[in-house]
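Starting from the given sequences, assemble the full structure and let the hints guide the process.
Protein chains in written order, with the UniProt record's numbering: chain D, 1 to 216; chain E, 1 to 216; chain G, 1 to 216; chain A, 1 to 216; chain Y, 1 to 216; chain W, 1 to 216; chain S, 1 to 216; chain X, 1 to 216.
FYI, nobody ran anything at the bench for these hints, they're computed from the structure.
Careful, some of the hints might be misleading.
What the hints assert, rightly or not - Example chain W residues on the side facing chain X (calculated, C-beta under 10 Å, incomplete):
id, residue
1, V71
2, G95
3, S97
4, D98
5, D99
6, G126
7, G148
8, T170
9, S171
10, V172
11, G173
12, Y174
13, G175
14, V176
15, G177
16, Q178
Backbone N, C-alpha and C define an ideal beta-carbon position, used for all residues, glycine too.
There are 8 protein chains.
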Amino acid sequence: MTTGFVGDWNRQARTGIAEAVFCQSKSTAQIADILGEATNGQHRMLFTRLSAEKFADLPDSARDALNYEPVSQTAFLGAISPVSQPNAICIVSAGTSDDAVAREAQRTLEFMGQGASMVRDVGVAGLWRLMERAEFIGQHRIVIAVAGMEGALFSVIAGLVNALVIAVPTSVGYGVGQGGATALHSALASCSPGIVTVNIDNGFGAACAAMKALRL
Amino acid sequence: MTTGFVGDWNRQARTGIAEAVFCQSKSTAQIADILGEATNGQHRMLFTRLSAEKFADLPDSARDALNYEPVSQTAFLGAISPVSQPNAICIVSAGTSDDAVAREAQRTLEFMGQGASMVRDVGVAGLWRLMERAEFIGQHRIVIAVAGMEGALFSVIAGLVNALVIAVPTSVGYGVGQGGATALHSALASCSPGIVTVNIDNGFGAACAAMKALRL
Amino acid sequence: MTTGFVGDWNRQARTGIAEAVFCQSKSTAQIADILGEATNGQHRMLFTRLSAEKFADLPDSARDALNYEPVSQTAFLGAISPVSQPNAICIVSAGTSDDAVAREAQRTLEFMGQGASMVRDVGVAGLWRLMERAEFIGQHRIVIAVAGMEGALFSVIAGLVNALVIAVPTSVGYGVGQGGATALHSALASCSPGIVTVNIDNGFGAACAAMKALRL
Amino acid sequence: MTTGFVGDWNRQARTGIAEAVFCQSKSTAQIADILGEATNGQHRMLFTRLSAEKFADLPDSARDALNYEPVSQTAFLGAISPVSQPNAICIVSAGTSDDAVAREAQRTLEFMGQGASMVRDVGVAGLWRLMERAEFIGQHRIVIAVAGMEGALFSVIAGLVNALVIAVPTSVGYGVGQGGATALHSALASCSPGIVTVNIDNGFGAACAAMKALRL
Amino acid sequence: MTTGFVGDWNRQARTGIAEAVFCQSKSTAQIADILGEATNGQHRMLFTRLSAEKFADLPDSARDALNYEPVSQTAFLGAISPVSQPNAICIVSAGTSDDAVAREAQRTLEFMGQGASMVRDVGVAGLWRLMERAEFIGQHRIVIAVAGMEGALFSVIAGLVNALVIAVPTSVGYGVGQGGATALHSALASCSPGIVTVNIDNGFGAACAAMKALRL
Amino acid sequence: MTTGFVGDWNRQARTGIAEAVFCQSKSTAQIADILGEATNGQHRMLFTRLSAEKFADLPDSARDALNYEPVSQTAFLGAISPVSQPNAICIVSAGTSDDAVAREAQRTLEFMGQGASMVRDVGVAGLWRLMERAEFIGQHRIVIAVAGMEGALFSVIAGLVNALVIAVPTSVGYGVGQGGATALHSALASCSPGIVTVNIDNGFGAACAAMKALRL
Amino acid sequence: MTTGFVGDWNRQARTGIAEAVFCQSKSTAQIADILGEATNGQHRMLFTRLSAEKFADLPDSARDALNYEPVSQTAFLGAISPVSQPNAICIVSAGTSDDAVAREAQRTLEFMGQGASMVRDVGVAGLWRLMERAEFIGQHRIVIAVAGMEGALFSVIAGLVNALVIAVPTSVGYGVGQGGATALHSALASCSPGIVTVNIDNGFGAACAAMKALRL
Amino acid sequence: MTTGFVGDWNRQARTGIAEAVFCQSKSTAQIADILGEATNGQHRMLFTRLSAEKFADLPDSARDALNYEPVSQTAFLGAISPVSQPNAICIVSAGTSDDAVAREAQRTLEFMGQGASMVRDVGVAGLWRLMERAEFIGQHRIVIAVAGMEGALFSVIAGLVNALVIAVPTSVGYGVGQGGATALHSALASCSPGIVTVNIDNGFGAACAAMKALRL
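Pasting the structure below:
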C-alpha cells in the first residue's frame with residue numbers, strides 16, 4: 001500500500017463534528033493503527049461500534065488510553081469537558097432493547113460537551129407512560145427518539161411536542177420488523193410533519209445532527 | 001372452455017361468509033356473466049372493487065339490479081335486512097384518504113346485516129382527536145382500524161382499548177409508504193400485543209373476520 | 001441513565017393482556033433486572049424468546065422462580081390457574097418444524113388461564129391428514145393456524161371451517177421461503193375471506209388476539 | 001440498422017418448440033415487419049401478448065392472415081391441425097380472473113396440435129369444488145395449474161394427484177399479492193414435492209414445457 | 001358516515017406547524033369539502049400535491065380563494081405575511097427535474113413566513129458548479145438539499161459546510177434509481193455525519209423540520 | 001402435545017413420491033423421533049439437509065440404520081434397489097460449488113431406483129466445455145440443470161437440446177447473487193421456452209419432478 | 001427562482017463527454033428553455049429520452065433545430081461530423097424489443113463522432129444465431145451488449161470474445177423480469193469475468209463509457 | 001460422479017483473462033483437489049476469497065506452493081512477472097474498511113503483470129482529501145473506485161477526471177447500507193456519465209475489466 005491512513009483532523013473546524021471511527025467493519029489491527037496515529041498527533045477521537053470483544057483484543061496501552069463504555073460500544077480518546085445545557089436535548093427510547101443505541105447518542109453528545117436527558121421505556125404499547133412524561137419531554141428543544149419494531153413512537157411524539165424530532169430507528173424486531181426497515185419506513189412515512197430521520201441504529205448520526213441544529 | 005363459472009353458493013352455510021366477487025381483475029363482460037348466473041339462481045351476492053367506470057359499462061338491467069355505492073366501490077345484489085348491533089363494531093380511520101377502504105368494510109358488514117360505528121380523521125398526528133374519541137371507541141367489542149402512511153394508529157389504539165383490533169393498512173402514502181407496505185409492516189410489527197391484520201386495502205376481509213369473531 | 005425500567009403493570013386491566021417481556025434482543029443482565037423488579041413487585045410476568053442459553057445464564061434464584069419450557073422458549077413468573085374452556089381454541093400446525101411457535105401460542109394461553117387443543121403435522125402435502133381432523137378442528141370457535149414454507153394451510157382451513165382463523169406464518173423454509181415472508185404473504189393474500197394474520201413466528205401475538213376475541 | 005430480423009425458423013426441429021413472438025414490448029410496426037417476413041417465408045408462427053388494441057392497429061392484410069383470440073391475446077399464423085390426445089393435459093384454474101393465462105396455455109397447446117381439458121373456478125376457498133373434480137383431474141398425465149393471489153391451489157393439487165404439476169402463478173391480486181410474486185413464491189416454496197414452476201402469467205411457457213414432457 | 005372532517009386547527013399552537021392537506025390521494029370532491037370547512041372557519045391552510053388537473057376541477061369560488069403555484073403543486077388559503085430571514089435557509093437542488101420538490105419546500109416556508117435562498121443545477125456531475133457556490137451556501141444555517149438519481153449531493157454538501165443538512169431525496173431517476181429509493185438510501189447511509197432525511201419528494205416535510213430547527 | 005408425528009406413509013402410492021424429511025429446521029431430537037417411528041413401521045424414508053454435525057449427534061443405532069452421504073447431506077433408511085434407465089436423466093452442473101445440490105438430486109433419484117448421468121463444470125464462462133458435452137446431454141430425455149450466480153446455463157442448455165429442462169438455481173454467489181435469487185429469476189425469465197424451475201437449492205424437488213415426468 | 005439553468009458547457013473538455021439532457025422527468029417547457037440557452041450559446045447538445053409526444057409539443061423552431069430519431073428517442077443540436085472507426089465498437093442486442101436501447105447507444109456514439117457495428121436478434125434462445133456472428137463480433141475492441149429478460153447474452157458473449165463487454169440490461173420482460181432487475185443482476189453476477197455494467201436501459205451511459213475506454 | 005474438475009486452461013488465450021478459482025463456496029477438500037490438478041498441469045492459477053482459515057487448513061505442500069496475501073484473501077500459483085505500466089491504473093478507495101477489496105483488485109492486476117497506484121482514505125466526507133489527490137488520480141487512464149456506504153465517491157471522481165471509472169461497490173455499511181446494495185445502486189444511478197460497475201466486493205472483476213480495457 002502506498003498511502004497510509006490520513007485522519008480528517010480538521011473536520012471539526014470545517015463541519016462542526018469531530019472525527020469518529022466506525023469500528024464494525026475494521027479489524028483490531030486496523031483500529032490499533034488508527035488509534036496509534038491519533039495518539040501520536042494528540043488528537044481527540046471517538047470510536048463507535050467497538051464491541052467488547054474487539055476492545056478486549058486491543059493492546060493494553062490502547063485500552064488504557066480509552067474511556068470505554070460497553071452498552072453503547074463507544075470509546076473516547078482524549079479529554080472530556082463537563083457537559084453543558086443538559087435541558088436542550090432529550091433522548092427518548094421505546095424499550096430496554098433500544099438502550100444501546102440511545103446510549104450511543106448520549107455518549108456522542110457527551111464527547112462533544114453536550115448533556116442530554118434520558119427518558120426510557122415509553123413505547124406506545126403503554127401510552128400512559130409516554131403521556132406522563134410528555135410535559136417533561138416537551139421542555140427540551142430537540143428530541144432524539146429511539147425505537148424499533150413498528151416505530152409508532154416517532155409519530156406520537158411529533159404530534160405531542162414542539163421540539164425538532166430526530167428519529168433513530170433501531171434494528172430491534174423480528175419477522176417483518178427484522179433489521180429495522182419497518183421502524184425506518186414509519187419514521188419517513190409519518191403522518192406527523194417535521195420528523196427527520198437517520199440510518200437504522202445510527203445514534204451517533206442523530207447526535208451529530210442535534211449538535212448542528214443546536215449551534216444554529 | 002368446457003366449464004363455466006360455478007358459484008360457491010353454499011359458502012355462507014359452510015364458513016359463515018357469503019360469496020363475494022372481486023371485480024378489479026375481471027372484465028365487464030365477466031362481471032355481467034357472473035351477475036347473470038347469480039340473478040338466475042336468486043342468490044344474494046356482494047361485488048367489491050367495482051369501479052364507477054366498470055359499473056357504468058354494465059348493461060342497464062344489471063345496473064338496475066344492483067345497490068351501488070361509489071366511494072366504497074361496492075354493489076349489493078339481493079335484499080338487505082336492517083342492520084343489528086350497531087355498537088358491537090367500530091370502524092376507525094386515520095384520514096379522509098382512507099374513506100374508501102373504511103366504507104368497503106362498513107358496506108360489507110351492512111350486507112351481512114351488521115351495523116357499525118364510524119370514527120374518522122383521528123390520525124395520530126393530531127393525537128388529541130383520537131384521545132377525545134377513545135372512550136367511545138372503547139365501548140365497542142371489535143375495532144376495525146384503517147390507516148395508511150406509517151400506520152401508527154394501530155399501535156396507539158391497541159394500547160388504549162380492550163377490544164380486538166383488526167388492522168387494515170391502506171395504500172395511502174408516497175415514497176417509502178407507497179402501496180401500503182409500511183402501514184402493513186407497522187401493524188404486523190406492532191409493540192402492542194393483540195393486533196391482527198389483513199391485506200392492504202382489504203376492508204372486505206376485515207369485515208368478514210369481524211363477523212366471524214362476533215359470532216363466536 | 002436517569003430512568004430505570006418501568007413495568008406496564010396495569011396493562012392487563014387496561015387492555016386485557018398481561019405484560020410480557022420479549023427476551024431475544026435483551027442481554028441476560030437486562031432480563032435479570034426486569035425479573036428482579038417484577039419479583040419485588042409481586043407481579044406475574046410472561047417471558048418469550050428466552051433461549052435455553054440465556055435461561056442457563058440467569059442467576060440460580062431467577063431460574064428457580066421461573067416455570068421454563070424449552071421448546072417454546074417461554075417462562076412464567078407467578079402462579080398459574082388451571083386452564084379453562086379447552087375446546088374454544090384449536091392450535092393447528094403444519095409440520096414438526098412449526099412446533100416451537102405452536103407451543104409458544106399454547107403456553108401464552110396457559111399463562112392467561114386458557115386451554116387449547118393441539119393438532120399437529122397436518123400440512124396440505126398430505127391433505128388427507130387434515131381432512132381426517134377437519135371435523136374435530138371445526139368444533140372450536142377459534143383456530144390458530146401455524147405454518148411456514150408456502151402457508152397453503154391457512155387458505156385450506158379457512159375454506160373448511162366456520163371458526164375465526166388466526167394465521168401465524170413461521171420462518172420455516174429456504175430459498176424464496178426463507179424467513180417466512182412467503183407464508184406471511186400467503187396468509188394476507190388468501191383467496192379465503194376471514195383470515196387474520198400476525199407477524200412471522202408470533203405465537204404470542206396470536207394467543208393474545210385469540211383471548212381478546214374470546215372475551216368479546 | 002445493418003441487420004434485419006432473423007427468425008429462428010429451425011427452432012422447432014432443434015428444440016421441439018415452434019418460434020413464438022412476444023408482442024408486449026414490441027411496437028405495431030415491429031410486429032407487422034415480423035409478420036411480413038414470416039408470411040414471405042411461409043413459416044407458421046405464434047403471437048402472444050398481442051393486445052386487442054395492437055391487433056386492431058395492424059394492416060388489414062395482416063389481420064386477415066391471423067387466427068386471433070382476444071381473451072388469451074394470441075394469434076396463429078399458418079395452418080392448425082386437429083388436436084390430439086385431449087386427455088393427456090388438464091389445465092386447472094383458480095378463478096375467472098385467471099382465464100386469460102389459462103387460455104394462453106390452451107391456445108399454445110392447440111397451435112402445437114395438442115388438446116387439453118379445462119377445469120375452471122376451483123380455487124381452494126371453495127375446496128369442495130376442487131375435491132369434486134379431483135378424480136377427473138387425476139386422470140391426466142400433466143396438470144397445468146393456474147392461480148394468483150396466494151397460490152394455495154398448487155400445493156393442494158400436488159398433494160392430491162399423481163400427475164406432474166406445472167404451476168403458472170398469475171398477477172391476479174392486490175396488496176402483498178400484487179404482480180404475482182406471492183403466488184410464484186408459494187409454488188416454489190410448496191410443501192408438496194414435485195411441483196415445477198414457470199414465470200408469472202407465462203401460460204405459453206407452461207404449454208411448451210408440457211409438450212416437452214409429453215414427448216419424452 | 002357519522003363523523004365529518006375535523007381539522008386539527010390547533011396544530012400550529014401545539015407543534016409549531018400549520019395544518020396542511022395532502023391532496024394526492026383525495027378526490028376533488030373531498031378537497032372542495034375540506035376547503036369549504038376551512039373557509040367557513042377562517043382558517044389558513046396549505047394544500048400540497050394539488051395537481052393542475054385537480055385544481056382546474058375545483059369550483060370557481062374555490063380556485064379564486066386559493067393562491068396556486070403549478071410547479072410546486074401547492075396552494076395557500078388565507079393571508080401570507082412578507083417573508084423574513086431569507087439568509088437562514090438555503091435550498092440546493094441537483095437538476096432541473098428536482099425543481100418541483102425544491103419549490104414545494106420554498107412555498108411551504110413562504111406560507112410559514114420564512115424566506116429561503118435557492119441554488120439550482122449543482123449536481124455533482126459538474127462538481128465545479130457546486131464548488132463555486134459552496135461559500136454562498138455555507139453562509140446559511142440550514143441547507144435543504146434536493147436530489148434524485150444517486151443522491152451524491154447530500155454527502156458532498158455535508159462534507160463542505162457547517163450547516164444542518166436536511167436531505168430530500170426525489171423520485172427522479174430510472175432503472176435502479178426509479179422511485180427515489182437509491183437517493184433516499186444514499187442520504188441515510190452517507191459517510192458524512194450530521195445529515196438528516198425526510199421521505200422521498202417530501203419538500204413539505206423538509207420545510208417543516210427546518211422551521212422547527214430554526215425556532216429552537 | 002396431544003398428537004405425535006404422523007407419517008404420510010401412503011404418499012408414494014397417492015402421488016408417486018416417497019415421504020422425505022427435511023432436517024434443516026428440525027432438532028436432532030425431532031429427527032431421532034421420526035427415524036424411530038419409521039424404523040418401527042418398517043418404512044423406507046429419505047432424509048435431506050441432514051448436516052454432518054446433526055448426523056454425528058444422532059444415536060449410534062440411528063446412524064447405523066442410515067446410508068449417509070455427506071456432500072449431498074442425504075440419508076436413506078431402508079433397502080435400495082439397483083438403479084435403472086441411467087440414460088433417461090442427465091444432471092448438469094455449472095461449477096464445483098454446485099456439487100452439493102447436484103448430488104442431492106442424484107441421491108434422491110437413486111432412492112427412487114432411478115439412475116442419472118452427471119456432467120459437471122460446464123458453466124457458460126467456458127462455453128466450449130458445454131458445447132463439447134452438448135451432444136451427450138442431448139441424448140437424455142430430461143436435463144436437471146444446476147447453477148448459481150447468474151444462471152445463464154439454463155437458457156443456453158434449453159436453446160441447445162430437445163429435453164425437458166428442470167432448472168435448479170443454487171445459492172452460490174455473492175453481492176447481487178447472494179442467496180440464489182438472481183439464478184432463480186434467470187431461470188424464470190429465460191428467453192428459451194420450455195424451462196421449468198424449482199426452489200433455490202432444491203435438488204430433491206427437481207428429482208421428484210423428473211420422476212413424475214418420466215413416469216408419464 | 002433566483003438561479004436559472006447553468007449548462008456544464010465545459011464538461012467535454014473536463015471529462016471527455018459532451019453535455020446531455022435527460023428529458024424523461026422534464027416538462028416540455030423546461031426542455032424548450034434548456035434548448036433555447038444552448039442555441040443562444042451555440043453549444044452542441046444531446047437530448048435523450050425525448051419521447052415523440054414531447055418532441056411534437058416543442059415549438060416549431062425548436063423542432064427545426066433538432067436532428068430527431070424516434071426509435072432511440074434522441075435528438076442532436078448542432079453539427080455532426082462523419083463517424084470514424086466503425087470497427088472499434090460492436091453493439092449486440094438480443095431481440096427486437098431491445099432496439100430502442102441499442103439505438104440510443106448508437107446515436108450517442110454518432111453524436112461523439114464514433115461509428116459502430118450493429119448485430120441484432122442474437123438472443124441465446126437461438127444460440128446458433130449468435131455463434132454464426134461470434135467471429136465478426138470478436139473483431140471489435142469493445143462490445144456493447146443489450147439484453148433484457150434473463151440477460152444470459154452477457155455471460156455467453158464474455159465467454160466467447162476478447163473484447164471489453166459493457167452490459168446494458170433492458171427493462172424488457174414481465175413477471176420476475178419486469179423492469180429489468182433480473183437482466184441487471186445477471187450482468188453483475190456473471191460467471192464470466194470482465195463484464196462491466198451500466199443502469200437498466202442506459203444506452204447513453206454505455207456509449208459514454210465506450211468512448212472513454214476507446215480514448216485510453 | 002462420472003466427471004471430475006475440468007480447468008478452462010485456455011481461457012487466457014480465448015478471453016485474455018487467466019482462470020481464477022472463487023473459494024468462498026468451496027470446501028477445503030475441493031480447493032485442494034483443484035490446486036492439485038493445476039499443479040500437475042503446471043498451470044498458473046489465481047485463488048480469490050481464500051480465507052485465512054481455509055488457507056491454514058490446506059495441506060503443507062499446497063500452502064508452500066502458494067503466494068498468499070491475507071488482507072485481499074488471494075493466492076497465486078505459479079511465477080509472477082515484474083509488473084509493468086504502474087501509471088496506467090489507479091485504485092482509489094474511500095476508507096480503511098474498503099482495503100480488502102482494493103487489495104483484491106491490486107493483487108489480481110499483479111497476477112496479470114500489471115501495476116497500479118493506490119490512493120486510500122479519500123471518502124467524500126472529507127472532500128479536501130480527494131481534491132488534493134485529484135490531479136494525481138487524473139494522470140491515470142483507468143480509475144478503479146472502491147467504496148461502500150452511500151458510494152458518493154463514484155460520482156465525484158467521474159465528475160473530476162477524464163479516465164474510465166470502474167466502480168466497485170463494497171459491502172461496508174449498516175442499516176440501509178448493509179450488504180452493499182446502496183453503494184451499488186449509487187454507481188448505477190450516478191448522474192455522472194461514463195461510470196461502469198461490477199458486482200459488490202468484486203475487486204477481481206474490476207481488475208479483469210481494467211485489463212481488457214487497457215489491452216484495447
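**Request:** Identify whether the interface hint at G177 (chain W) stands, where standing means a beta carbon of chain X within less than 10 Å of its own.
**Result:** 7 Å, holds
**Item:** V172 (chain W) as chain X interface residue, shortest Cβ-Cβ below 10 Å
**Value:** OK, holds: V172 (chain W) within 10 Å of chain X, min 5 Å.
**Item:** Restraint satisfaction for V176 (chain W) [CB to CB of chain X, less than 10 Å]
**Value:** Interface hint status for V176 (chain W): holds (6 Å vs cutoff 10 Å).
**Message:** Given a cut of 10 Å on the nearest C-beta pair, is the interface hint for G175 (chain W) held or broken against chain X?
**Reply:** The hint holds - G175 (chain W) has a Cβ within 10 Å of chain X, the shortest such distance being about 3 Å.
**Item:** Status of the Y174 (chain W) interface restraint (C-beta, 10 Å, chain X)
**Value:** 6 Å, holds
**Message:** Hint validation: D99 (chain W) versus chain X, beta carbon distance must be below 10 Å. Holds or violated?
**Reply:** This interface hint holds because 8 Å falls under the 10 Å limit.
**Prompt:** Was the hint right that D98 (chain W) lines chain X, CB cutoff 10 Å?
**Reply:** 9 Å, holds
**Asked** Any CB of chain X closer than 10 Å to the CB of V71 (chain W)?
**Response** 9 Å, holds
**Asked** For the hint on T170 (chain W), does the least C-beta distance to chain X fall short of 10 Å?
**Response** Nearest chain X Cβ about 9 Å off; hint holds.
**Prompt:** Under the criterion of a CB-CB separation shorter than 10 Å, is G148 (chain W) in contact with chain X as hinted?
**Reply:** With Cβ-Cβ at 8 Å, under 10 Å, it holds.
**Request:** Have a go at the G95 (chain W) hint: is there a Cβ in chain X nearer than 10 Å to its own Cβ?
**Result:** 8 Å, holds
**Message:** Take the shortest C-beta to C-beta distance between G126 (chain W) and chain X; is it under 10 Å?
**Reply:** Status holds, d = 4 Å.
The structure shown violates none of the earlier numbered hints.
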